[in-house]
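Colleague: First to last, the protein sequences are chains P and U.
Counting from 1, one number per residue, gives the positions in the first sequence under full-length UniProt numbering.
Counting from 1, one number per residue, gives the positions in the second sequence under full-length UniProt numbering.
It should be emphasised that the hints constitute simulated quantities derived from the structure, not laboratory data.
There's no promise every hint is true.
If chains are identical, the list can't say which one is meant, so a pair holds when it fits in one copy or spans any two.
[What the hints assert, rightly or not] The list that follows gives simulated cross-link-like pairs (lysine-lysine, DSBU-like), each with its CA atoms no further than 35 Å apart:
| id | residue 1 | residue 2 |
| --- | --- | --- |
| 1 | Lys95 | Lys211 |
| 2 | Lys216 | Lys105 |
| 3 | Lys91 | Lys216 |
| 4 | Lys199 | Lys138 |
| 5 | Lys216 | Lys48 |
| 6 | Lys91 | Lys105 |
| 7 | Lys80 | Lys216 |
| 8 | Lys211 | Lys50 |
| 9 | Lys211 | Lys119 |
| 10 | Lys138 | Lys87 |
| 11 | Lys9 | Lys105 |
2 protein chains.
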Amino acid sequence: MAMRYLTSKLAQQIDEELMGSVGAFSIDQLMELAGLACAQTLATVYSKDKYPRVLVCCGPGNQGGDGLVAARHLGMFGYKPTIWMPKPGSKDIYKRLKAQCDNMKIQTLEPSNDTQSLKSALASSDVILDAIFGFSFKPPVRAPFDAALPLIANSGLPIVSVDVPSGWNVDEGKVDALALDPDVLISLTAPKEGVRAFKGRHFLGGRFVPKTMEEKLQLNLPEYPGFSQIVELPRADDAQKL
Amino acid sequence: MAMRYLTSKLAQQIDEELMGSVGAFSIDQLMELAGLACAQTLATVYSKDKYPRVLVCCGPGNQGGDGLVAARHLGMFGYKPTIWMPKPGSKDIYKRLKAQCDNMKIQTLEPSNDTQSLKSALASSDVILDAIFGFSFKPPVRAPFDAALPLIANSGLPIVSVDVPSGWNVDEGKVDALALDPDVLISLTAPKEGVRAFKGRHFLGGRFVPKTMEEKLQLNLPEYPGFSQIVELPRADDAQKL
Chain P
1 MAMRYLTSKL
11 AQQIDEELMG
21 SVGAFSIDQL
31 MELAGLACAQ
41 TLATVYSKDK
51 YPRVLVCCGP
61 GNQGGDGLVA
71 ARHLGMFGYK
81 PTIWMPKPGS
91 KDIYKRLKAQ
101 CDNMKIQTLE
111 PSNDTQSLKS
121 ALASSDVILD
131 AIFGFSFKPP
141 VRAPFDAALP
151 LIANSGLPIV
161 SVDVPSGWNV
171 DEGKVDALAL
181 DPDVLISLTA
191 PKEGVRAFKG
201 RHFLGGRFVP
211 KTMEEKLQLN
221 LPEYPGFSQI
231 VELPRADDAQ
241 KL
Chain U
1 MAMRYLTSKL
11 AQQIDEELMG
21 SVGAFSIDQL
31 MELAGLACAQ
41 TLATVYSKDK
51 YPRVLVCCGP
61 GNQGGDGLVA
71 ARHLGMFGYK
81 PTIWMPKPGS
91 KDIYKRLKAQ
101 CDNMKIQTLE
111 PSNDTQSLKS
121 ALASSDVILD
131 AIFGFSFKPP
141 VRAPFDAALP
151 LIANSGLPIV
161 SVDVPSGWNV
171 DEGKVDALAL
181 DPDVLISLTA
191 PKEGVRAFKG
201 RHFLGGRFVP
211 KTMEEKLQLN
221 LPEYPGFSQI
231 VELPRADDAQ
241 KL
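Chain P with its partners taken away, still in its complex shape (with noise of 0.2 Å):
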């Protein structure tokens, strides 16, 4: 059975339904092992001695969220990252998830509606978490990051994607011709409807969906190995080889 890439809707349905009565998660705990899934994809791909200066984007949203708890576990296996969130969520969560990277002195340049501390920081990093929108994204992309995202993806960084690629429509793809174009994504929970022709590395986390869950909604998850928090997806076109 091949696995089931979820629509936007379907997404949201599995993310109330973690957090309700099916699994009965708080945000914390999944947020923690989601932004641990994409630090450790991260490091999967990319050394911490070649590539050890890493600019985590956060959106807005839960996206950002992933991203910061990202950034604090990337700070405690020897990278050195640096944040840019210019515009930081209101909710509680996000701010205690920043205090905890502030406590670790890792450095979030300030929250700013221009490009110009995010054109410094792209010239003195090795590699770019893109954790800035997610599966509740909706066209269009709005300031300041309708200018940020060309600036990151003509920076000729190496770019990992959090769950769907920024600027990517989570249902149909890449449309926009802002949408990134990463080399790494770290699909979250189960990939999207969007990503099905992603042609780089593709890696899954998020390993808490409940056996009944996945059975009901017939997800058909790839087995984990071991004791991992990640697995690797087959590549697009090797999949279609198969």
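For chain P, the structure is supplied; the task is to place chain U on it using the hints.
Modeller: Relative to the frame of chain P, chain U by itself:
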């Protein structure tokens, strides 16, 4: 510089600081990472093919919470965990962690003051995760744990203890006749004074201590490999030889 072994008092202080201004962590986050480290340690030593049935013994405090998180992750890894938690803690977090296990269809023995159900469960288990008492333990061992510890000790099953083997004095070690004699120990954050002479395989987990805290308290934690959440420590005998 040698790794620091924590007194019960210092362990308590660190726990408070991690959840206070020094760390700003929520208990959900710390328990999630601690419990994951416990599950990964057990999975490192006891394969799910040879030791599928894990009896997770949980105390009434935060250590029991770590056990519930570990049970859930063990279930995700493909083990068949069963929970024995005769005195469930009253805090909201234990109820949520228990509900998460229920949602994963992990069996919990009925809470009870007698040890009949524990006896049966021991007879159909392959390995024990001992999450009964942690660094807040103060003797004496109270019912039903006074009757349970000898049953666990005499079961002949391998034991993985969390943080401090149950029945051990946190500062003085294995001085009580009821103390367990585990094969494996997973210390959390930093090892406690009482386990200095522990002779089995010894792991460290809880990779969330801010560098500033580590330096201020001169913890001299060992380096974790790569992006692992656990690190194995040299055996007490080997360390003395060095």
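Colleague: Would you mind marking each hint as holding or not holding in the structure?
Modeller: Hints and how they fare:
1. In the homo-oligomer, the alpha carbons of Lys95 and Lys211 lie at most 35 Å apart both inside one protomer (33 Å) and across protomers (20 Å), since each shortest distance falls under that limit.
2. Proximity of Lys216 to Lys105 under the C-alpha cut-off of 35 Å is restricted to the inter-copy arrangement: shortest distance 14 Å between copies versus 44 Å within a copy.
3. In this assembly of identical chains, Lys91 and Lys216 lie within 35 Å of each other by CA distance both inside one copy and across copies; the values are 32 Å within and 31 Å between.
4. Proximity of Lys199 to Lys138 under the C-alpha cut-off of 35 Å is restricted to the intra-copy arrangement: shortest distance 23 Å within a copy versus 57 Å between copies.
5. Proximity of Lys216 to Lys48 under the C-alpha cut-off of 35 Å is restricted to the inter-copy arrangement: shortest distance 26 Å between copies versus 40 Å within a copy.
6. Taking CA atoms no more than 35 Å apart as the test, Lys91 paired with Lys105 passes in both settings, with 22 Å inside one copy and 32 Å between copies.
7. Proximity of Lys80 and Lys216 under a CA criterion of 35 Å is satisfied inter-copy only: 21 Å between copies versus 42 Å inside one chain copy.
8. For the identical chains of this complex, Lys211 and Lys50 are inter-copy neighbours only, at 22 Å across copies versus 39 Å inside a copy, given an alpha-carbon limit of 35 Å.
9. In this assembly of identical chains, the alpha carbons of Lys211 and Lys119 lie at most 35 Å apart only when taken from different copies (29 Å versus 44 Å within one copy).
10. In this assembly of identical chains, the alpha carbons of Lys138 and Lys87 lie at most 35 Å apart only when taken from the same copy (16 Å versus 48 Å across copies).
11. In the homo-oligomer, the alpha carbons of Lys9 and Lys105 lie at most 35 Å apart only across protomers (27 Å), although the nearest pairing inside one protomer, at 38 Å, exceeds that limit.
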